[in-house]
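**Student:** Sequence:
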Amino acid sequence: MIFLRSLLFNAVFFAVTLVLSLYGFVLRFVAPHRLIDDARLWSRIMIASARLICGIHVRVRGLENLPPGQPVLIASQHQSAFDTMVWFGLASYPVYVLKKQLLKIPVFGPLLPLTGMIPVDREGGMTSLRNLVSASMEAASLNRQIVIFPEGTRTDPGVEVPLQPGIYALASKTGLPIVPVTTNSGLFWGRRAFRKYPGTINVDIHPPLSPGSRAVTMEALRSLYHRAGNDIATFVHTSERAVDKSVV
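With this note's numbering as the guide, the letters of the sequence shown map in order to residues 1 to 248.
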């Protein structure tokens, strides 16, 4: 049953993404300011489809730590594609920091900069960082909330990787507060995983980090991610479904 549900969901995912990308391609010429609405619609359909087809529910905690209309840096863990869509429904006018390779995706990719998304060249060094800071300051001037994934790439639940120092550099240059976010999305919607498993994805929005040195700030963020990893490990240990994912 999980296989069939996943098959249906993936079919819906690619079909809806294609249709709304083509719609966005038209919007770029007639109403480019509506592209962000196209992205929000895509997000709503995908999250609703995950719930209705796969039994994946979403629990958001700490939304009061994300004041609407106030620019912040949302420093989120990144475990699945879910993390790239949920903020269209939670943040006010979100901007994602994303790898520039995504711009090469046919039809879909070229639309990303038109919605204000910020592509980053991971090999660009200081030039890339300066461009990131400049684009982020412009987004902040429009009261947009910036979503960045300090882990740098999707990681498996409970796996710790070195955090990218760019998050602190961005905060210090822009003056924006860092709002940490932890999640367990990868337990049910894994990275590069075909199968989706029923359960509840937690999105925990923590209070903004207190201003501090680079070492203090990065350690505070790492500590939050570490505790979230321990919670995931406990869940996996006590959950028969999470341990035996061979069940179909």
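Calculated directly from the structure, the hints in this document are not laboratory data. Misleading hints may appear alongside valid ones.
To be verified - Estimated spans, in silico, between C-beta atoms of each pair:
1. A11 x K99: 24 to 30 Å
2. L4 x S141: 44 to 50 Å
3. L8 x E64: 21 to 27 Å
4. P110 x R222: 31 to 37 Å
5. A220 x K99: 24 to 30 Å
Glycine is no exception: its CB is placed at the ideal position from the N, C-alpha and C atoms.
**Student:** A separate judgement is required for each hint: does it hold in the structure or not?
**Tutor:** Evaluation of the provided hints:
no.: 1; hint: A11 x K99: 24 to 30 Å; result: holds (26 Å)
no.: 2; hint: L4 x S141: 44 to 50 Å; result: holds (48 Å)
no.: 3; hint: L8 x E64: 21 to 27 Å; result: violated (36 Å)
no.: 4; hint: P110 x R222: 31 to 37 Å; result: holds (36 Å)
no.: 5; hint: A220 x K99: 24 to 30 Å; result: holds (25 Å)
Checked against the numbered hints listed earlier, the structure breaks hint 3 alone; every other hint is satisfied.
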